[in-house]
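Engineer: Sequence:
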Amino acid sequence: MPQVLVKLYTTLRHRFNKSQLWIEARDADELVLRVVEAGGPGMAQVLLGEDGVVRNEFLLTLDSEILDRKALKKVQLKEGNVLHIFPPISGG
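Quick note: the sequence shown uses the working numbering, first residue 6, plus one each step.
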């Protein structure tokens, strides 16, 4: 199973107390579920909507390509891929 580097920013970085994780997964959907598991209690409510899909406010990119959050099962992973999870933008 490929190991993928997951890069975390702002609120997620604070939640995990680190800026990156190495996670094994076959596809992007499984990868997101493993990130949720690693985040512990309440992480599903932070990252996923009621439908189990990544919340619209988050932007996911895999090796600089923006992912369709509703089609993550179709995205097969390769060893060394980098997934960026960008949280909602705030401030002014």
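A hint or two may mislead.
[What the hints assert, rightly or not] Ranges of calculated distance between the beta carbons of each label pair, as one might list FRET restraints: (1) 6 x 95: 33 to 43 Å; (2) 55 x 84: 17 to 27 Å; (3) 29 x 95: 30 to 40 Å.
Since the hints were derived computationally from the structure, they do not count as laboratory data.
For glycine and all other residues, C-beta sits at the position ideal for the given N, C-alpha and C.
Engineer: Hint by hint, work out which the structure violates, then give me just those numbers in ascending order.
Structural biologist: 2
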